[in-house]
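A.B. asks: If you want the building blocks of each chain, they are given just below.
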Amino acid sequence: MSEPQEIIPIGKNELVGIVAGLFAEGHRLVQISCTTLECAYELNYSFDKNYRFKNLRFTVTQEEEIQSISVIYPNAFLYENEIHDLFGLTIKNMTVDYHGTLYRTAIKTPYSIENCRVPAPPKPKGEKPQERGKAEANPQQPEASKQPKE
Amino acid sequence: MAHRNIIPLGPQHPVLLEPIHFDLVTEDETVVDAVPSISYVHRGLERLVEKRDFNDFVHVADRICGLCSIQHAMGYCQAVEAVMGIEVPERALYLRTIWAELGRIHSHIFWLGVAADGFGYESLFMQSMRLREVVLDIIEETTGARIIFGVCKVGGVRRDIDPETLKGIVQRLTTLGVDLEELTAVFINDYGIKHRLEGVGFISKEDAYTLGCVGPLARASGFDTDMRTIGYAAYPHLDVEPMLEQSGDCYGRCLVRIREIFQSIDLIRQAAGKIPEGPIDVKVKGTPNGEYFSRVEQPRGEVIHYVKGNGSKFLQRFRVRVPTFTNIPAMIKIMKGSQVADIPNIIITLDPCISCTER
Numbered sequence: 001m002s003e004p005q006e007i008i009p010i011g012k013n014e015l016v017g018i019v020a021g022l023f024a025e026g027h028r029l030v031q032i033s034c035t036t037l038e039c040a041y042e043l044n045y046s047f048d049k050n051y052r053f054k055n056l057r058f059t060v061t062q063e064e065e066i067q068s069i070s071v072i073y074p075n076a077f078l079y080e081n082e083i084h085d086l087f088g089l090t091i092k093n094m095t096v097d098y099h100g101t102l103y104r105t106a107i108k109t110p111y112s113i114e115n116c117r118v119p120a121p122p123k124p125k126g127e128k129p130q131e132r133g134k135a136e137a138n139p140q141q142p143e144a145s146k147q148p149k150e
Numbered sequence: 001m002a003h004r005n006i007i008p009l010g011p012q013h014p015v016l017l018e019p020i021h022f023d024l025v026t027e028d029e030t031v032v033d034a035v036p037s038i039s040y041v042h043r044g045l046e047r048l049v050e051k052r053d054f055n056d057f058v059h060v061a062d063r064i065c066g067l068c069s070i071q072h073a074m075g076y077c078q079a080v081e082a083v084m085g086i087e088v089p090e091r092a093l094y095l096r097t098i099w100a101e102l103g104r105i106h107s108h109i110f111w112l113g114v115a116a117d118g119f120g121y122e123s124l125f126m127q128s129m130r131l132r133e134v135v136l137d138i139i140e141e142t143t144g145a146r147i148i149f150g151v152c153k154v155g156g157v158r159r160d161i162d163p164e165t166l167k168g169i170v171q172r173l174t175t176l177g178v179d180l181e182e183l184t185a186v187f188i189n190d191y192g193i194k195h196r197l198e199g200v201g202f203i204s205k206e207d208a209y210t211l212g213c214v215g216p217l218a219r220a221s222g223f224d225t226d227m228r229t230i231g232y233a234a235y236p237h238l239d240v241e242p243m244l245e246q247s248g249d250c251y252g253r254c255l256v257r258i259r260e261i262f263q264s265i266d267l268i269r270q271a272a273g274k275i276p277e278g279p280i281d282v283k284v285k286g287t288p289n290g291e292y293f294s295r296v297e298q299p300r301g302e303v304i305h306y307v308k309g310n311g312s313k314f315l316q317r318f319r320v321r322v323p324t325f326t327n328i329p330a331m332i333k334i335m336k337g338s339q340v341a342d343i344p345n346i347i348i349t350l351d352p353c354i355s356c357t358e359r
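Quick note, the sequences are listed as chains B and C, same order. To convert, note that position 5 of the first sequence is 5 in my numbering; the numbers rise steadily by one, no gaps. To convert, note that position 25 of the second sequence is 25 in my numbering; the numbers rise steadily by one, no gaps.
Bear in mind the hints are in silico, worked out from the structure with no lab data behind them. Here the structure is a predicted model, which means the values were calculated and not measured. Check before you lean on any hint, since a few could be wrong.
Straight-line distance between alpha carbons at most 27 Å, and here's what the computed DSSO-like set of lysine-lysine pairs gives [unchecked claim]:
{"id": "1", "chain 1": "C", "residue 1": "K167", "chain 2": "C", "residue 2": "K205"}
{"id": "2", "chain 1": "B", "residue 1": "K54", "chain 2": "C", "residue 2": "K205"}
{"id": "3", "chain 1": "C", "residue 1": "K51", "chain 2": "B", "residue 2": "K123"}
{"id": "4", "chain 1": "C", "residue 1": "K285", "chain 2": "C", "residue 2": "K167"}
{"id": "5", "chain 1": "C", "residue 1": "K333", "chain 2": "B", "residue 2": "K92"}
{"id": "6", "chain 1": "C", "residue 1": "K283", "chain 2": "C", "residue 2": "K313"}
{"id": "7", "chain 1": "C", "residue 1": "K51", "chain 2": "C", "residue 2": "K274"}
{"id": "8", "chain 1": "C", "residue 1": "K313", "chain 2": "C", "residue 2": "K336"}
{"id": "9", "chain 1": "C", "residue 1": "K333", "chain 2": "C", "residue 2": "K194"}
{"id": "10", "chain 1": "C", "residue 1": "K51", "chain 2": "C", "residue 2": "K194"}
{"id": "11", "chain 1": "C", "residue 1": "K153", "chain 2": "C", "residue 2": "K285"}
{"id": "12", "chain 1": "C", "residue 1": "K205", "chain 2": "C", "residue 2": "K194"}
{"id": "13", "chain 1": "C", "residue 1": "K51", "chain 2": "C", "residue 2": "K336"}
{"id": "14", "chain 1": "C", "residue 1": "K313", "chain 2": "C", "residue 2": "K153"}
{"id": "15", "chain 1": "B", "residue 1": "K123", "chain 2": "B", "residue 2": "K12"}
{"id": "16", "chain 1": "B", "residue 1": "K108", "chain 2": "B", "residue 2": "K12"}
{"id": "17", "chain 1": "C", "residue 1": "K333", "chain 2": "B", "residue 2": "K49"}
{"id": "18", "chain 1": "C", "residue 1": "K205", "chain 2": "B", "residue 2": "K123"}
{"id": "19", "chain 1": "C", "residue 1": "K51", "chain 2": "B", "residue 2": "K108"}
{"id": "20", "chain 1": "C", "residue 1": "K313", "chain 2": "C", "residue 2": "K205"}
{"id": "21", "chain 1": "C", "residue 1": "K283", "chain 2": "B", "residue 2": "K123"}
{"id": "22", "chain 1": "B", "residue 1": "K123", "chain 2": "B", "residue 2": "K108"}
{"id": "23", "chain 1": "C", "residue 1": "K336", "chain 2": "C", "residue 2": "K153"}
{"id": "24", "chain 1": "C", "residue 1": "K285", "chain 2": "C", "residue 2": "K51"}
{"id": "25", "chain 1": "C", "residue 1": "K285", "chain 2": "C", "residue 2": "K205"}
{"id": "26", "chain 1": "B", "residue 1": "K49", "chain 2": "C", "residue 2": "K205"}
{"id": "27", "chain 1": "B", "residue 1": "K123", "chain 2": "C", "residue 2": "K336"}
{"id": "28", "chain 1": "C", "residue 1": "K336", "chain 2": "B", "residue 2": "K92"}
{"id": "29", "chain 1": "B", "residue 1": "K54", "chain 2": "B", "residue 2": "K12"}
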């Protein structure tokens, strides 16, 4: 049986305001996670109240800064340091900042776009061979993401 | 103001079975701050989804941790099944539940042993480990392995348990329950243990909630959280009540785990009585295209397996949020204000699982 789950797309700049509202309503911060996309990162902030699961979602590029929510939820600092160390994203105003030393990794930011390979989606059926060749060469995908350094 | 010292604790320490480090900032004998350090053995298992297809990856999920093996495999499979819309046969859900509760019993009895060793009760440690063998034998007979279950797969389970064996398991667990009552009476009533645990390592219900605590740590403070009540696997058909204590101290956490062992024995008895006949798996067609956050109750609390696929046989993202990771901020809170001599007991009763944390 699948649990009903809500995913709410938000803007990056709305994050702190919405999270403060959820804190005031009595939501528990369950987790913060990040997913590497082809050219960006997708962040999920998960909350729970009375076993109702809710996610806030937004997408950022490598250069964009994210505001920390550790002032609102004190336990957020671990997730934020994790995202900083593994994905290389910059998170501003963390209450506890490990400055990149929370994770000891063989390579820096192992989950970043440069190091992480995003699998190619399956090709549509009935596609002609010459078109397939074109589909494989995705101009948006950086060269580094096709060939991981590891 | 007293002079401040920093006492390093870990990554190797008698009460730490796995590597985690704390810098304890002390004033005289009081800890005023604690700075945790993790990732001594981080494995980066989440990125193996790039090299193992979604079916094979169950074996990786199974091996994230020895004490929570079945819950990791189950959580991962549930997530993939939810994405792909797979209806798992009811018998397979019951079998998963039975194995999950066996895993909880063996983890909690192992914790009793480790705790006894930490308190200096050597014979109690040996007795705990002796009783744990009963559960490990059952796991070995039904799955073929003692620690890593390896029975879950996307779409069901790999092995069945016949009715006679199930009956035998319930009988053996009933006998184990009698032995455990004798063993746990020492943990509950012994003056020395109570003296060292009562009123030590306190965290209030409000702090437990705000800091995102899960599992026995949260329930010992009266925070009602147990993912089994959301109704995954066969739990909707079983009587599951979160085991709550109100004291919020080390002793409360000890009591919660003891009561959960007996609850798990009862859940297995219920499941063995209700398990339906039928197939144990379904054929899996297609590839995952979508995403899902699967929530499962491990022995240490809520674990989240996030799966995202784009139709390829390799997943785009697999993420595990383990209970120990989310309990670290509460560990820091509990340590602040505690006596240095109490820190080992506090860490033991928090039951950190670094193998999960270093996924």
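A.B. asks: Check each numbered hint against the structure and report the violated ones by number, ascending.
C.D. replies: Of the numbered hints, 1, 4, 7, 8, 10, 13, 15, 18, 20, 22, 23, 25, 27 do not hold.
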